[in-house]
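Letter by letter, the chains look like this.
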Amino acid sequence: MFLFILRRLAIAIPTLLLVSILVFGLLKLLPGDPAIALAGEDRDPAVIEFLRHKYMLDQPLYTQYVHWLWGILQGDFGLSIRTKLPIGEMILEKLPVTIQLSVMAMILALVIGIPAGVIAALKRGTPVDYGVSILGLAGLSVPSFWLGIMLILAFAVKLGWLPSGGYVGLFDSPLDNLRYMLMPSIVLGTAAAAIVMRHTRSSMLQTLRQDYVRTARAKGLKERIVVIRHVLRNGLIPVVTVSSLHFGELLSGAVLTEQVFGIPGFGKMVVDGVFGRDYAVVQAVVLCSSAMFLLLNLFADIAYVILSPRLRG
Amino acid sequence: MGTSIKALLMASAMAVTIGSAHAATLRVGLQDDPDSLDPAASGTYTGRIVFAAMCDKLVDINANLEIVPQLATAWTWNDKGTDVTFTLRSGVTFQDGTPFDAAAVKFNIERMTTLKDSKRKAELAPIDTVEVVDPTHVIFHLKGPFAPLLSVLSDRAGMMVSPTAAQKGGEFATNPVCSGPYMLKARKQRDSITLDKYAGYWNADSIGYDEIQYLIIPDSTVRLSRLQAGDLEVAERIAPTDLATVRSDNKLALHSSPGLAVSHLMINVGNGEKAKTPIGTDPRLRKALELSLDRNVINQVAFNGEFIPDNQMIPSSSAFYSKSHPIPARDVEKAKALIAEVGGAAPKLEITYENSLTDGRVAQIIQALASEAGFDVQLLPLETTSAIQRYLAGDFQAYIGNWSGRADPDPTLYAFFGSDGSQNVNKYKNPEMDKTLVAARQASDEATRRQLYEKATDIYLTDLPTIPLYHPNWFYGARADVTGITIFPDGILRVQGVKPAK
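Protein chains in written order, with my numbering: chain A, 1 to 313; chain B, 1 to 502.
If you're looking for bench data, these hints aren't it; they were derived computationally from the structure. From the three backbone atoms N, C-alpha and C, an ideal C-beta is built for every residue, glycine too. Do not rely on the hints blindly, as some may be mistaken.
Claimed, not checked - Here are the simulated distance ranges between beta carbons:
id, chain 1, residue 1, chain 2, residue 2, range
1, B, 174, A, 22, 53 to 61 Å
2, A, 174, B, 64, 46 to 54 Å
3, A, 301, B, 164, 54 to 62 Å
4, A, 26, B, 305, 39 to 47 Å
5, B, 164, A, 67, 27 to 35 Å
6, A, 61, B, 174, 25 to 33 Å
7, A, 103, B, 170, 35 to 43 Å
To be verified - Derived DSS-like pairs (lysine-lysine); straight-line CA-CA distance at most 30 Å:
id, chain 1, residue 1, chain 2, residue 2
8, A, 54, B, 168
9, A, 84, B, 106
10, B, 276, B, 336
11, B, 323, B, 455
12, B, 287, B, 251
13, B, 197, B, 274
14, B, 188, A, 84
15, A, 84, B, 185
16, A, 84, B, 197
17, B, 323, A, 54
18, A, 54, B, 197
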């Protein structure tokens, strides 16, 4: 197990390097010069020239890349060309926010999605199954932006129970923090719950048809034990895969939800980075997200092994 | 004894509660995150809103676009219009305690004109040298007469920063020190800018809040809902479609002003291959295009009729607005006749624009209206930075431009219509226009300048290198219990005098 983890971590390094080269190259393909994005309304050619030089935009691509990578290796992500704030600090500030939001949304998704999926599978073809499936479809199709605004109108503007947006640090005031994070987690969790529900349902249905389930029933085991010990345990493997992938997506930032609730997370940072051609910001965020994605995949693999002993070896 | 201690504790607890209720914060929702917080290096419009609370300027404008005192209390021009002497307010200190005096003014102007990434160089180029007479008097010696100078100093170029802080080294923008009523406390990228009141402000009575928080909320619907929920005191740029909501809510107040900005359809008339279109080469076709448009329809459909349709670059709030050039009514027949007079196939035109909701709507309306007169209009929406790059390179046939405007007509008219103007990317050139604009710059009395700008308006409305469409209005939504908000045509929220209702 330990070796398995080490091996996976070793593979992560070249993967990240590849990602960094890819992101770097793709960003440079974007039309539009960062110096122009920075130069303001008057766009003095002398200023544009100076900015190009200052941010090494007049250097060949590989020089820029090596310079950037060298900085990263020393723990220096560089300065945002737009606000001149250190990117490392920006990430440290935003990463916990995004992680908290993703974790809360994912917990919500699992707590709602797995039981709903199990019930739908067990009651297949009944009105309960149809009801859960329709709700799931609705959860998937409702645009997060719209759902967010509706929740704000209901709970912040009309009822006044929750703040309409903004953010308070978890350690500054845990209770307030929860109040601020509740609506955004619901918005993000709704879509995720629907996905989890659908995968749980189909995977359960497949497992229910397996021979060992029939054997277990034939042995006279109680239905409850058959479902929990045999069906659910095996049926959850694809759910783990889907959830970890979705969790990774959440971690790379939920742009619209962050926008609606004014949450200072990764999503806004990367979008603004792209529009302002703030290359260093985008590269740093993508690199961090990729690293987290790789870690999550590793966790998912470990979870498979725990759920299904056959994969140990 | 025990009871009295309890009572004391309760009383102090109450005092703390009441005290914190009065430790008021003004929360302002902004559409974008400002860039650098150094007035020399800043290029965003939103930055100017934050600077208005942080950095005082030598002079300011009032609602009628007239120059009024701020850090300078008086000024006199010499006869030739080449020297201006400022009398400075005494007893002013920067937020780090450094005194504000003539030497600080000299330092600031020199910093703005020499700093490598200064965006104020072009604006301050007419200044030759700055001479310190005594601590409260300073003379600006100009290279030649330049009437718009005071208007330039009413914006970022006139903002004074602490010489002590600026010379300390490090990024000034992360720790800016000015002499305004509020000073920077914290900035969270893409999230918020928090300012604390500066107790040593020269006009401390005008400070109404202990703290201002600018929160970056890009979506106007979200800004409005947070204002409605009472989580913001002020929200800038309320969408025209949301104005009815604000007007009908008695907990909210709408503050508005006609703006200086102008939206216009620039035609490439002289820059490279893209200028060689029938419309780019023949002013009659540009006139036909203008006649095919109905500016009122654009205003009604795209902006609920809340903006001001216009055919001039300078808005009517300016003393230099030309009353003798009214908006021409839509005349499709006359447009068709002009197209027939020129002859040839249906004139083609590709309109490039930054892909925003508003410009997109405007472009589509133009396309529909112009096609009725026989124009073949294609639309090319591009993401902002790519669009601007093409704009600067003159790589467009027509472009929907949005210019924020200035208090004085010179920075707008010279920039767009002077042959070496900074925004003259479509390479419009008319020697008569150049002569008129230079003369208007140098004339010192307003009547002469007015006459000259009248003539300039006549020239550009004949040549039509760009077709002005409308001037946006500024709309701020605020909680009804915030008093003292007045919005000027520059759209900047001035926080002096803004106070919570008692």
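Right, here's what the structure says about each hint:
For the hinted restraint 53 to 61 Å between residue 174 (chain B) and residue 22 (chain A), the CB-CB distance of approximately 32 Å leaves it violated. In this structure the supplied range 46 to 54 Å holds for residue 174 (chain A) paired with residue 64 (chain B), their Cβ-Cβ distance being about 52 Å. Our hint of 54 to 62 Å for residue 301 (chain A) and residue 164 (chain B) holds, since their Cβ atoms are close to 58 Å apart. For the pair residue 26 (chain A) and residue 305 (chain B), the supplied restraint of 39 to 47 Å holds, since their beta-carbon distance comes to about 44 Å.
Against the hinted window of 27 to 35 Å, the Cβ-Cβ separation of residue 164 (chain B) and residue 67 (chain A) comes to about 34 Å, which satisfies the hint. At roughly 29 Å, the beta-carbon separation of residue 61 (chain A) and residue 174 (chain B) lies within the given 25 to 33 Å, and the hint holds. A hinted range of 35 to 43 Å holds for the C-beta pair residue 103 (chain A) and residue 170 (chain B), which are about 37 Å apart. Using a Cα cut-off of 30 Å, the hinted pair residue 54 (chain A) and residue 168 (chain B) holds, with the two alpha carbons roughly 20 Å apart.
For the suggested pair residue 84 (chain A) and residue 106 (chain B), the alpha carbons sit about 27 Å apart, so the restraint of at most 30 Å is met. In summary, the hint linking residue 276 (chain B) to residue 336 (chain B) is supported, as the alpha carbons are separated by about 21 Å, within the 30 Å threshold. Distance hint between residue 323 (chain B) and residue 455 (chain B) is fulfilled; the C-alpha atoms sit about 12 Å from each other, no more than 30 Å. Distance hint between residue 287 (chain B) and residue 251 (chain B) is unfulfilled; the C-alpha atoms sit about 48 Å from each other, more than 30 Å.
Restraint check for residue 197 (chain B) and residue 274 (chain B): the C-alpha separation of about 53 Å exceeds 30 Å, so the hint is violated. With a CA separation close to 12 Å, the supplied pair residue 188 (chain B) and residue 84 (chain A) stays within the 30 Å bound. Between residue 84 (chain A) and residue 185 (chain B) the CA atoms are separated by roughly 16 Å; this keeps the pair inside 30 Å, and the hint holds. Straight-line distance between C-alpha atoms of residue 84 (chain A) and residue 197 (chain B) comes to about 24 Å, which keeps the hinted pair within the 30 Å bound.
Proposed proximity of residue 323 (chain B) and residue 54 (chain A) is contradicted: the alpha carbons are some 48 Å apart, above 30 Å. In summary, the hint linking residue 54 (chain A) to residue 197 (chain B) is not supported, as the alpha carbons are separated by about 35 Å, beyond the 30 Å threshold.
Violation of the numbered hints given earlier is confined to hints 1, 12, 13, 17, 18; the remaining hints are satisfied by the structure.
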